[in-house]
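**Q** Start counting the sequence shown at 17; every next residue gets the next number (the working numbering).
Think of the hints as simulated: they come from the structure by calculation, not from any bench.
Warning: the hint list may mix true and false statements.
Listed next, with one range per pair, are the computed distances between beta-carbon atoms [as the list claims (entries may be wrong)]:
{"id": "1", "residue 1": "Met69", "residue 2": "Asn105", "range": "19 to 29 Å"}
{"id": "2", "residue 1": "Pro121", "residue 2": "Glu183", "range": "32 to 42 Å"}
{"id": "3", "residue 1": "Ala45", "residue 2": "Thr132", "range": "19 to 29 Å"}
{"id": "4", "residue 1": "Ser31", "residue 2": "Lys55", "range": "12 to 22 Å"}
{"id": "5", "residue 1": "Asn177", "residue 2": "Asp96", "range": "29 to 39 Å"}
{"id": "6", "residue 1": "Lys79", "residue 2": "Asn177", "range": "21 to 31 Å"}
{"id": "7", "residue 1": "Asp113", "residue 2": "Gly30", "range": "22 to 32 Å"}
{"id": "8", "residue 1": "Thr132", "residue 2": "Lys67", "range": "34 to 44 Å"}
{"id": "9", "residue 1": "Leu129", "residue 2": "Tyr97", "range": "14 to 24 Å"}
{"id": "10", "residue 1": "Asp113", "residue 2": "Lys79", "range": "14 to 24 Å"}
{"id": "11", "residue 1": "His153", "residue 2": "Pro128", "range": "14 to 24 Å"}
None of these values were measured; they are calculated from a predicted model.
The C-beta atom is built at its ideal place from N, Cα and C for all residues, glycine as well.
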Amino acid sequence: MTRVVAFLRGINVGSRIVKKEQLQRVFEALKFRDVITYKQSGNVIFETEAKDMETLRTRIESKLRETLGYDVSVFIRTIDYLKRLAEQNSRAVKEGDSFLVTMLPPGDFPLPLPKTIPKSTARIVSASGSEVFSLTHGGGEGALPNPFLESKLKVKATTRNMNIIREIVEKYSWDREIPRKDIIRGQGASAIQARATRPSLITRTHSSGRTWPWWCSLVSIGGCGPLDRGFKSHPGPL
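Required output: the full structure, derived from the provided sequences and hints.
**A** Quick look at the structure:
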C-alpha cells in the first residue's frame with residue numbers, strides 16, 4: 017500500500033466550487049483507502065495499491081471529469097517523494113516572503129534560471145525534475161508563478177507553498193498515524209476503518225485478555241468487540 021497525494025489544479029477557484037465531502041466521495045469511489053482532503057480541497061491524501069502513477073493520474077482525472085463535468089489536471093506525488101523534496105529544498109525566507117513549488121508534467125525545463133517574472137519582484141529560482149521553485153515577496157505575487165509558467169511552457173501546472181508540502185509530510189508520513197479527527201468522518205467505509213498506518217503500531221487489550229487494533233476503542237465496528245473501561249494501550253503487532 018502506498019500513501020499518495022493528488023494535487024488538483026483549479027479546484028475552488030472562481031465558479032468551480034467543490035465541497036470536501038464531494039471530493040472525498042470521488043476518491044472513495046475509486047476504491048482508495050483513508051481519503052483525506054488537507055486544508056484546500058485541492059490536496060487529497062489517500063492510500064492505494066497502484067504501482068503505475070501515470071495510470072493512477074488518468075483514472076482520477078477521468079473520474080473527476082465524469083463527476084464534476086469539467087477537466088481537472090491532477091499531479092500525483094507519493095509521500096516518500098514529497099519528504100525527499102522537502103528535505104532537499106529547504107530554504108529560509110523573510111517574513112512576508114513565500115517559497116513556492118510548481119508541479120509540472122514530466123519533461124525538460126527549457127527556461128534559463130533564475131528568471132524574474134515581468135512587472136514584479138517574484139523570481140523563478142530553480143527547477144528539478146517536474147518541480148519548479150519560486151520566491152515571491154507578498155502583495156499578491158504568490159499568484160504569479162503558476163500562470164507565468166503555464167504561459168511560457170504551454171502546459172497545465174499547479175503551485176503550492178512549500179510550507180504546505182512540509183505540513184503534509186509532517187502529518188501524513190508513514191512513520192505517523194493518521195490523526196483520528198481527520199479520518200473518522202462518517203463518509204463511507206474507509207472513514208470508519210481508522211486503521212493504523214504501519215503493520216506495527218498500537219493494539220488494545222481488553223480485561224478479558226483479547227487483543228484488538230487500537231481503533232476498536234474509538235468506534236464500534238462489527239468484530240472489534242464492545243467498548244468498555246477494560247481496554248489498555250500497548251505496543252504490539254496488528
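**Q** Each hint should be assessed against the structure and marked as holding or not.
**A** Verification of the hints:
1. Met69 x Asn105: 19 to 29 Å: Since the Cβ atoms of methionine 69 and asparagine 105 sit about 20 Å apart, the hinted range of 19 to 29 Å holds.
2. Pro121 x Glu183: 32 to 42 Å: This hint is violated: roughly 25 Å between Cβ atoms.
3. Ala45 x Thr132: 19 to 29 Å: The hint (19 to 29 Å, Cβ to Cβ) is violated, given that alanine 45 and threonine 132 are roughly 44 Å apart.
4. Ser31 x Lys55: 12 to 22 Å: This hint holds: roughly 21 Å between Cβ atoms.
5. Asn177 x Asp96: 29 to 39 Å: violated (20 Å)
6. Lys79 x Asn177: 21 to 31 Å: holds (27 Å)
7. Asp113 x Gly30: 22 to 32 Å: Check passed, 27 Å falls within 22 to 32 Å.
8. Thr132 x Lys67: 34 to 44 Å: Given range 34 to 44 Å: holds, Cβ gap about 41 Å.
9. Leu129 x Tyr97: 14 to 24 Å: holds (22 Å)
10. Asp113 x Lys79: 14 to 24 Å: Since aspartate 113 and lysine 79 have Cβ atoms about 37 Å apart, the given range 14 to 24 Å is violated.
11. His153 x Pro128: 14 to 24 Å: holds (21 Å)
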